[in-house]
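Protein chains: 2
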Amino acid sequence: MRNLFDIDPWKIIESKFDPSKQKQAESIFSIGNGSFGQRANFEENYSGPSLQGSYIGGVYYPDKTRVGWWKNGYPEYFAKVLNSTNWIGIQISIDGEQLDLHNQQIKHFHRELDMKTGILKRMVRVVFANGKELAIESTRFCSMAREEIGAIAYTVTPLNFSGNVKFTTYLDGNVTNHDANYDEFFWLEDSRKVDLQKGIICTRTKKTDFCVATAMRFSFWKEKELLTIHPNSFQRELYVENNFEHYLEQGIAYTLKKYVAITSTINHSEFELAAKAIKRVRDAYTTGFDILRQEHEAAWAEIWQSADIVIDGDVASQQGIRFNIFHLYQTYTGKNAKLNIGPKGFTGEKYGGATYWDTEAYCLPFYLKTADPKVARQLLVYRYNHLDRAIENAEKLGFKDGAALYPMVTMNGEECHNEWEITFEEIHRNGAIAFGIYNYVRHTGDVEYLETFGLPVLAGIARFWAQRFNWSEAKQAYVMLGVTGPNEYENNVNNNWYTNYIARWCISYCLQVNAKIQRSLPEKLTTREVEQFNHIVDHVYFPVLEGTEVFLQQDGFMDKEQLSASDIPSAQRPINQHWSWDRILRSIFIKQADVLQGIYLFEDHFSLEQIKENFDFYEPKTVHESSLSPCVHVILAAKIGRLDKALELYLRTSRLDLDDYNHEADEGLHITSMAGTWMSVVEGLAGVRVYEDGLAITPQIPSAWQRYSFQIRYQNEPLIIDVSQKEIKITNLGSKLLSCELAGVNIEIEANATYQAALK
Amino acid sequence: MRNLFDIDPWKIIESKFDPSKQKQAESIFSIGNGSFGQRANFEENYSGPSLQGSYIGGVYYPDKTRVGWWKNGYPEYFAKVLNSTNWIGIQISIDGEQLDLHNQQIKHFHRELDMKTGILKRMVRVVFANGKELAIESTRFCSMAREEIGAIAYTVTPLNFSGNVKFTTYLDGNVTNHDANYDEFFWLEDSRKVDLQKGIICTRTKKTDFCVATAMRFSFWKEKELLTIHPNSFQRELYVENNFEHYLEQGIAYTLKKYVAITSTINHSEFELAAKAIKRVRDAYTTGFDILRQEHEAAWAEIWQSADIVIDGDVASQQGIRFNIFHLYQTYTGKNAKLNIGPKGFTGEKYGGATYWDTEAYCLPFYLKTADPKVARQLLVYRYNHLDRAIENAEKLGFKDGAALYPMVTMNGEECHNEWEITFEEIHRNGAIAFGIYNYVRHTGDVEYLETFGLPVLAGIARFWAQRFNWSEAKQAYVMLGVTGPNEYENNVNNNWYTNYIARWCISYCLQVNAKIQRSLPEKLTTREVEQFNHIVDHVYFPVLEGTEVFLQQDGFMDKEQLSASDIPSAQRPINQHWSWDRILRSIFIKQADVLQGIYLFEDHFSLEQIKENFDFYEPKTVHESSLSPCVHVILAAKIGRLDKALELYLRTSRLDLDDYNHEADEGLHITSMAGTWMSVVEGLAGVRVYEDGLAITPQIPSAWQRYSFQIRYQNEPLIIDVSQKEIKITNLGSKLLSCELAGVNIEIEANATYQAALK
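Listed in order, the protein sequences are those of chains B and F. The opening residue of the first sequence carries number 3 in our numbering; numbering runs sequentially from there. The opening residue of the second sequence carries number 3 in our numbering; numbering runs sequentially from there.
One or more of the hints may lead you astray.
Remember, identical chains collapse to one label, so a pair may be satisfied in a single copy or spanning two.
Capping the alpha-carbon separation at 20 Å, the derived lysine to aspartate or glutamate pairs in EDC-like fashion look like this [said to hold, decoys possible]:
id, residue 1, residue 2
1, Lys647, Asp618
2, Lys73, Glu666
3, Lys208, Glu78
4, Lys402, Asp569
5, Lys352, Glu669
6, Lys402, Glu563
7, Lys477, Glu548
8, Lys477, Glu563
9, Lys66, Asp185
Source of the hints: derived by calculation from the structure; they are not laboratory data.
Based on the provided sequences and hints, a complete structural model is requested.
Shown next as structure tokens:
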């Protein structure tokens, strides 16, 4: 696999313009601040292949469902995050010819995204048809410090002439979603206004009535000198612009500084929206680009301090892991309980920017260990806020008495997905949401959460499972029919081991939490429910391979032709692009960890021998055609001492998008799986485990690395783990004595002390 | 259930106009001649709710597939029979006001379809806004004698005035399909021409390049006197018309006789198409309406002679059974191997007018017993002609070496359907096609067919099954994973008993036919195949209910909650309109005969006890939400002596569309299931069985009927079976001695003799 862009520990660098890579680059160089995000589209017009994308977290539209054959229970629409007003637009023209890198000769091109600072920079030298040559340098960011502010410094230097250059800066609300089901236009204009060096557009989504105000101001500089200009303003529906022509002197840098504020009804009332945007952009304008940038960089520095993983000795791995951490924080910062983490974040339209079980299964562990507990808590509260909808969702499918089924895909708690085998059957997602609560509590010790927010959700989920199991007279046990497990290469199977396991665990955990809560709460289980739930917990059926410790993925699994992924000719990989769907379903091949996902989550329920036996059974059958798969195998492989296997799989995940293994980075990045990559290092290589009753660390290091280190939080106290070929150092940055198990030995570390030991 | 229209042994009568029934009536009063068909739309404009429909057998368009989520292997398009040039159009206006039954006062309305003659008639008295009252009488038919001719006599009588009335007669190619996936217009105009009292439009389908020429001529009569008129002609794209005003005298009947010829490239070369249409319509015009009508009625008389079922003592049942027979013959006459039987025939757009397994499983037995063997043979040859496509279809799914998978839905042999659980998994259809060959041979004795057309198809099908089974090490048997049986309320199941059974039978029958054919043919099985096929036949796994003779529908069936259809609250029936899809899938409820379908097909493989045990197990679980279901249960119920159950289910099927039980007749009729109704009488009540080595009859009669009788063909010789409460009469109309088994006793009947016996 060739690297797509240059290797650097902190930066993503594109040192030569290749139009065929532009859409990939637009995704990979995306910037965002958890509140809104922007693909790395050029500020100026670009007539080559490009996917324009400017997204605002939580602003969605219910796009009418498109199906071939309607099934009862399908939702009427698919909520998708919308491409919103283009705020970066700046246009340059000379003698009537527009700057457009698709048409002009490019003498030099350099684009870099500095992950340390969250700044996207581009330097270009371009020759116009009449021979006039310009240097362009653009610098932009979505402020991490001011979540409604974006800023651009756009510098133009005439290289071989002095003369007039026309600058146009605009906001354009005429934007569509590439993936709209019926090519619908989703926006209405509420109002617009344009004046000297400023403008605003207020737009409103059809149906959902989200309002967005986008306000701009700009200034124009000759090197360090602020120029007075007299721009013309122009407007039409959903569009405002200022334009002006200026005489530029050869060799002098002229900079247009554009400030934009984006406010929405996610955070403001409709009535103050425009005023807020105007105020925010005025503040930004007054503050100025350099100070805004400093604030932004300081915010990133704080994130990196607690979230960075340092890898010495392997720059590609270093760049890869930072790329993942960087994009996770660009997507979600935990400031707003209305927001969540779409599988593509703000980097593309695919999957509609909606929330999947990825959040609880993959992202939550990342934020639990790298951020203030409030961040993870927001993610849990998001689901708590959707509980009523989850109950309605279950009712639509025929469940009752407060049973809750969380949706597969959602923006507002309602189900959006429309594939029966997923929508109705991939119900294990409910388990991940309950597990998220458990995981949060064991990381943070915040048991009070259970009473206020936890129990209602756990009870709804447990009630669902209790109804979803049915008693089999034949087996004299509870069975679960017609499900799709995490391995989506099986549909409508009976007794998926993972689903049965997590379902039983949910019921059992709910019983446990219910028993602990003394206070009378409306959501508490009735005596009859307690009895019934206990009966289920004691009588769930699990398929096993007789004479072994192998848990069978589902009933009938051993009837399949027993093959290994290595039996598939490489020309037929990935099988999801080469085989018909029925062939995939019939085959033994596993898209992503399924039984192993369960063993990963509940590792302490199983002996090392059981884990080994199941890993050896399933890993050869797994084709890892989901980005969420390898990390689980990495962690288990490391656990059972297969460091080579762990590293092989780790490399596959850490640069997945950066090197675009799957040829789909043009559509956006695999944001949620990036958390899995992080887990691969922390839980896999470093063997970090957080149990209800303690912390354990069992570090290993690949021979190719000299050293790696990272910080985690445990019970809201930070510690640093630093592993080299020779030794491990654990630094307790917290204020209390830290007890933990290191490679099986109990140790204690004083506050602000470092424990050092040889690596075995 | 109230009857939708009046009861009559031969006619469907609507004696009062109810606009809310218009779309249902348009389906139910449809006429056709196996070559083209026409919904019972009014000739004049009608601005009320209506589904315009004029279809030409075999003329289809590949409408671009619409799905929510693409699966590998889906076809790119869904071929659908197109709504074609409106040929019935006649418009009447007085003083500028158009006749439109939606707007005018209707004083009298009578519509009747005479099934004996295939004539659709309508008598209306209507008052115009200005008080002028007209009587309209229209008579039309699609000629059964001349398959490219349609004719209309449209009589207008001024009742309370003498004055000018304007007549417009036209052809209009501006027609769309209501069910077009992307609202596409499917037709291009090749040419048009209009002259005095005649006109022609030649149209062409986009992409598929089917050409259709529609030519009209007309004459105008004052009672029996041919009038000379001087019409104006008018044309625009895809439209030609003649119009003229005439002074009508009060109380005198004026008749416009419109003749239409429809030719297409299904039967003619593109170059002679228009000339043929012009010639055909001139011939029809010269022949005249009355003679054309006589020819048409004579053709119907011939059909009824061999296909009628007489039921004395129950007019509703009599009407019901004739309605079914009538529509079957309107849909398919067996004259053209390019045509087949769409589930809705020419009565609506739904299911795209394409071919399903319904043809072999339901329609073939009907034509085998009621028509010349050539008719059934055409149906088989249709599939033979599609063999190469079936092999390609299997290749797309990963099969090889000549394995053939016939499509679920097709117009030209290519698969059209796009629901993975059906398209890729409802593969039992392959078995029905092989069984059709077997059934044809045992009915007709035409063993030569096997060598010329049979073996290639059987070998392709057997090769598919041999690859589709896989060896289960766990079971030490061949299993078949991931299928959908006839019961579509189960998807992606393992070891569907029906599919495994018919698959094994196909392999076995292919071996048998292969062994009989001495000649060397390229399609013959290799020695290795013979060996492998025999191994499979000996080692197929079948799920059974331990300790019983019940064949289990699929693996895991007994894990379901064991309920009866009677447990479902009636407000929740049909479940397909009330339950979510996953709930249906998980439930035990069966949409249509599945194990029982297999027992029906291979009845002689099972003991009466086995049949009883399986019937008693499955019938209570079957919700019969497919129109194809009840007939199989009727036949088996009659077989095991449950005449009441048989009659209860028979009544449900025989008037399904006529009384519109399922509230969907507006979209078209369930043509293919009509053959099942016929089978209910012949194979169910009369107990007719055709075996390889003979004919058996075991008649019963419901107590509500006085008598029923029908004719069948056996080995291409006709016989009449006549059953009354007291006795059974079998009349051998053939030229040879007839041997058969009557209620278990072997009898012989001389040519032209009648055998009479008391009914036990």
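Structure-based check of each hint:
In this homomeric assembly, Lys647 and Asp618 come within 20 Å of each other (Cα to Cα) only inside a single copy, at 11 Å, whereas the closest approach across copies is 56 Å. For the homomeric pair Lys73 and Glu666, the shortest alpha-carbon distance between copies (17 Å) is at most 20 Å, but the shortest distance inside one copy (30 Å) is not. In this homomeric assembly, Lys208 and Glu78 come within 20 Å of each other (Cα to Cα) only inside a single copy, at 16 Å, whereas the closest approach across copies is 32 Å. Taking the shortest alpha-carbon separations for Lys402 and Asp569, only the inter-copy value of 18 Å comes in at or below 20 Å, while the best intra-copy value is 47 Å.
In this homomeric assembly, Lys352 and Glu669 come within 20 Å of each other (Cα to Cα) only inside a single copy, at 7 Å, whereas the closest approach across copies is 37 Å. When the C-alpha separation of Lys402 and Glu563 is checked against a cutoff of 20 Å, the pair qualifies only between copies, where the shortest distance is 17 Å, while the shortest distance within a copy is 40 Å. In this assembly of identical chains, Lys477 and Glu548 lie within 20 Å of each other by CA distance both inside one copy and across copies; the values are 16 Å within and 13 Å between. In this assembly of identical chains, the alpha carbons of Lys477 and Glu563 lie at most 20 Å apart only when taken from different copies (12 Å versus 25 Å within one copy).
Taking identical chains as interchangeable, the C-alpha atoms of Lys66 and Asp185 lie at most 20 Å apart whether they share a chain (11 Å) or sit on different chains (16 Å).
Figure legend: structure checked against the earlier numbered hints; every hint is met.
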